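Visitor: The residues making up each chain are set out below.
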Amino acid sequence: MNTSCNECGAALTVPDDAIVGELVSCRDCSSEYEVAELSNGSAVLKPAEKVGEDWGE
Amino acid sequence: MVRVGVLAGSGYIGGELLRLLLQHPEAEVAYATSRRYAGEYVFRVHPNLRGVTDLKFVSFDPSKLVASADVVFAALPHGESAKVIPQLADAGLRIVDLSADFRLGDSAQYPVWYGYEHPRPDLLEKFVLSIPELNREEVKGARLVASPGCTAITTILALAPLLRTKSLGVDTEHIVVDAKVGSSGSGGKPSLATHFSERFNVVRPYKPAGHRHAAEIEQVLSAIAGVRIKVSMSAHGVNIVRGILTTSHLFASGRVNTIDIWKAYREAYSGCRFVRIVKDKHGPFRLPDPKLVIGSNFCDVGFETEERTGRIVALGATDNLIKGAAGNAVQSMNLMLGLDEASGLAMASLHPV
Numbered sequence: 001m002n003t004s005c006n007e008c009g010a011a012l013t014v015p016d017d018a019i020v021g022e023l024v025s026c027r028d029c030s031s032e033y034e035v036a037e038l039s040n041g042s043a044v045l046k047p048a049e050k051v052g053e054d055w056g057e
Numbered sequence: 001m002v003r004v005g006v007l008a009g010s011g012y013i014g015g016e017l018l019r020l021l022l023q024h025p026e027a028e029v030a031y032a033t034s035r036r037y038a039g040e041y042v043f044r045v046h047p048n049l050r051g052v053t054d055l056k057f058v059s060f061d062p063s064k065l066v067a068s069a070d071v072v073f074a075a076l077p078h079g080e081s082a083k084v085i086p087q088l089a090d091a092g093l094r095i096v097d098l099s100a101d102f103r104l105g106d107s108a109q110y111p112v113w114y115g116y117e118h119p120r121p122d123l124l125e126k127f128v129l130s131i132p133e134l135n136r137e138e139v140k141g142a143r144l145v146a147s148p149g150c151t152a153i154t155t156i157l158a159l160a161p162l163l164r165t166k167s168l169g170v171d172t173e174h175i176v177v178d179a180k181v182g183s184s185g186s187g188g189k190p191s192l193a194t195h196f197s198e199r200f201n202v203v204r205p206y207k208p209a210g211h212r213h214a215a216e217i218e219q220v221l222s223a224i225a226g227v228r229i230k231v232s233m234s235a236h237g238v239n240i241v242r243g244i245l246t247t248s249h250l251f252a253s254g255r256v257n258t259i260d261i262w263k264a265y266r267e268a269y270s271g272c273r274f275v276r277i278v279k280d281k282h283g284p285f286r287l288p289d290p291k292l293v294i295g296s297n298f299c300d301v302g303f304e305t306e307e308r309t310g311r312i313v314a315l316g317a318t319d320n321l322i323k324g325a326a327g328n329a330v331q332s333m334n335l336m337l338g339l340d341e342a343s344g345l346a347m348a349s350l351h352p353v
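Chains as they are written, first to last, in the working numbering: chain A, 1 to 57; chain B, 1 to 353.
Rather than coming from a laboratory, the hints here were simulated on the basis of the structure. Heads up, some of the hints might be wrong.
What the hints assert, rightly or not - With beta-carbon atoms standing in for the labels, derived distance ranges: (1) B/Lys230 with A/Ala48: 20 to 28 Å; (2) A/Ala48 with B/Ala348: 24 to 32 Å; (3) B/Ala223 with A/Thr3: 24 to 32 Å; (4) B/Thr309 with A/Asn40: 23 to 31 Å; (5) B/Ala91 with A/Thr13: 54 to 62 Å; (6) B/Asn48 with A/Ala48: 26 to 34 Å; (7) A/Glu32 with B/Val227: 50 to 58 Å.
From a predicted model like this one, the values you see are computed outputs, not experimental measurements. Positions of the beta carbon are idealized from the N, C-alpha and C atoms, including for glycine.
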């Protein structure tokens, strides 16, 4: 399944056997996405939640 | 095998040329000249080459040297190359000059930036200023090549995609370049300024205005942009031996879109083996850093945007002695001779350094 990175526009490939909750990382800018939904061979991604370097300070 | 000669092989750039060429699979070093060290083993001047070569430096004698090499690399000081190169060029040798003497296309610029009248202005139009990532085809057909200054090539590679992409609306009159340069950038000749006690731990603004490399940067970027570019440049000496980081500030007339800038860099450097786009969201090295190019021919480029002010910050990092000098020169030779562009240059950078 092919989509693109919202941050840098690079092509992003979601494995065909991906499952909801799986993490996908952009090769170019390393933005991380979580597979939010899967339907009819396409994936909906959302930014993966992570703790910032300043631990939210 | 191609026979190569190195003029002024005893300096830091000469040493890097010898290191790269001695390991080049398709080159044979015929000679290296040095006025001061003629008769001395190369490895006594460049101790990293002990066990690599038993070559000795020779003095410069064009009558003997013209017939013994196909390509000559000249690492002479500015002003000296212009005296020596013409006779070698007239003899039909292929030349890669690393001084500033053949970089500027307009002879009237030499008194302005370098303080001397060019002795052979007729040769300037025959030299190609080689930045293979930007003018590869021109370099392929050249017999005479000039390699840009280290700060210039690092800045140019970081800025070229932004200036050739008209839709970004960059203000071409107000571009500010801040360069941080390692101590090897000032060469191997010691002085009070380079004495350890004076140089160690500095962040020294050694050229806050009027840096000579601005002339090369403006020449190349103006040609790319199709309009006259003005660059304001400041250079600092910092506490590293090798490496350059250039931080350039540009201002766009409209909204700056990150994906458009990514696209500009990708289009410019697709298929270029020695330019890496570095803009990562993880780890300690999210943007170009000289630390990660040391020992390699890479130029890392990257950017950040500031929507509030319309600013684009473009960064470039090189090993000043490799992509900033000897590596770019060898890459140029490879192209001139129809060899693989990366021949002898495919090494990864060192980490950690």
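Visitor: For every hint, state whether the structure bears it out.
Guide: Results of checking the hints against the structure:
The given range of 20 to 28 Å is broken by B/Lys230 and A/Ala48, whose C-beta atoms sit roughly 43 Å from each other. In this structure, A/Ala48 and B/Ala348 meet the distance hint of 24 to 32 Å, their C-beta atoms being roughly 29 Å apart. Under the hint 24 to 32 Å, the C-beta atoms of B/Ala223 and A/Thr3, about 38 Å apart, miss the expected range. In this structure, B/Thr309 and A/Asn40 break the distance hint of 23 to 31 Å, their C-beta atoms being roughly 44 Å apart.
As the Cβ distance of B/Ala91 to A/Thr13 is approximately 56 Å, the hint placing it in 54 to 62 Å holds. In this structure the supplied range 26 to 34 Å is violated for B/Asn48 paired with A/Ala48, their Cβ-Cβ distance being about 45 Å. For A/Glu32 and B/Val227, the Cβ-Cβ distance of about 40 Å falls outside the hinted range of 50 to 58 Å, so the restraint is violated.
Comparing the model with each numbered hint stated earlier shows that hints 1, 3, 4, 6, 7 do not hold.
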